[in-house]
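Q: Can you make the complete structure from the sequences, with help from the hints?
What follows is each chain in one-letter form.
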Amino acid sequence: MSVFGKDEAAIGKYAASVPVPEFDTTSFNEPKPLNRARVAIVTTAALHREGGDGFELGDSDFHYETLPRSARDLALGHHSVNFDRGGFAADINVVYPIDRLEEMAENGTIGGVADHHYSFAGNQSETVSEIRLDSGPLCAKAMLAEGVDVVLLTGT
Amino acid sequence: MKVPRALHTRFPVGLSLGKPRDKEFQDEVLQAAFDLLAEPEGPVIKEFPVSISATGGEPLLCPLPPRLNTELHPAVDEAQALRAAYDRAYEKNQRTSIGMQISPDQVPEALGRFVRIVEGEPWDDVGFPAGSMYGTVHDIRCYYEELACQLADGPITPWATEEWFYDHTEAGQIILKARRTMRDEEVDQSIWFGLAPAGRQ
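Those protein sequences? They're chains H and D, same order as listed. Under numbering that gives the first Met the number 0, residue 155 is the last one in the first sequence; the count climbs by one each step, no gaps. Under numbering that gives the first Met the number 0, residue 200 is the last one in the second sequence; the count climbs by one each step, no gaps.
Check each hint, because a few of them may be wrong.
What the hints assert, rightly or not - No more than 20 Å apart at the CA atoms, straight line, and that leaves these computed lysine to any residue pairs for SDA-like:
| # | chain 1 | residue 1 | chain 2 | residue 2 |
| --- | --- | --- | --- | --- |
| 1 | D | 22 | D | 51 |
| 2 | H | 31 | D | 39 |
| 3 | D | 1 | H | 136 |
| 4 | D | 45 | H | 30 |
| 5 | D | 1 | H | 127 |
| 6 | D | 22 | H | 107 |
| 7 | D | 91 | H | 69 |
| 8 | D | 45 | H | 15 |
| 9 | D | 91 | H | 97 |
Hint data in this document are derived by calculation from the structure and do not stem from the laboratory. What you are looking at is a predicted structure, and each value in this text was computed from that prediction instead of being measured.
A: This is the structure in structure tokens:
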């Protein structure tokens, strides 16, 4: 019997069975040039500050965490035993590429790094109603208020 | 779903940017994602040209300490001997994912409880509060995986730390033995199944 997390066929089959909402239209705009854009990260790795409450087990914790730009004391809230945490243990950027963005801002590839970044748990409800109707718009509002132009979504 | 702009990457779970400690590769992934901003209309999905397999990577080369105290069970002795490596990892990274159930100080004692299960004591007599065993193993595994990344030579490939932990450490071995013991004693599956990835025996 193969270990689930390493079995790409099993993961593909599982992913194909996960319900996703269908949208009639695509929200699409053309951002300002990247070298003038302020970039924020939104991750589904359930990252949280060490010592904080973090995320609950199960699929009923829909809140998000706000991560200050300078924070590196981050814990991975992805608690599943079938999840490979080794990459994150070695390098935070493989999930949350905050240092890469800082370097890109320094060399002029991007205009700047947002002061705040955001983390959700990936295990949302089947309808994803909570993130669509509540936490998602709230997070977007916070980014707009800060003047974020581009959002980099990193799924786990 | 008609996502506006998406870069499809064939990387194992947990590796959004593909390769830990590979700045150049991570930059290539980010640049490919940012290139999508130039697309005039969406939805647009592009495939990143490099894929990474979850299996077949280089194994973790991580030395384990010799026995220090032969009066202790090897798993407990090992965990104590590795504490300095864990502390160095924490000092370097200033972060840990331990804390779901126990602290680093409690790792050796927690392993001692699994030893007692293997030696025949009922699981609910060895001091695990109800529902705490899953989080305890999460924290033990984090302790080992975080220090392993500090000690190891070479790249950290997909699942290498998990394989090192369960296949090569005394801690991983005693947890697997305790899991099998509880399974054979027909303990409720919800207690022991999540102590190792599905598919491990």
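Q: Confirm or reject each hint.
A: Structure-based check of each hint:
1. 22(D) to 51(D): Holds, because 16 Å separates the two Cα atoms, which is no more than 20 Å.
2. 31(H) to 39(D): Holds - the C-alpha atoms of residue 39(D) and residue 31(H) are around 13 Å apart, at most 20 Å.
3. 1(D) to 136(H): 18 Å, holds
4. 45(D) to 30(H): 18 Å, holds
5. 1(D) to 127(H): Satisfied, since the Cα-Cα distance of roughly 15 Å is no more than 20 Å.
6. 22(D) to 107(H): 17 Å, holds
7. 91(D) to 69(H): Measuring from Cα to Cα gives roughly 16 Å; hence the hint holds.
8. 45(D) to 15(H): This hinted pair holds, its Cα atoms lying about 19 Å apart.
9. 91(D) to 97(H): 17 Å, holds
Every hint from the earlier list agrees with this structure, and none is contradicted.
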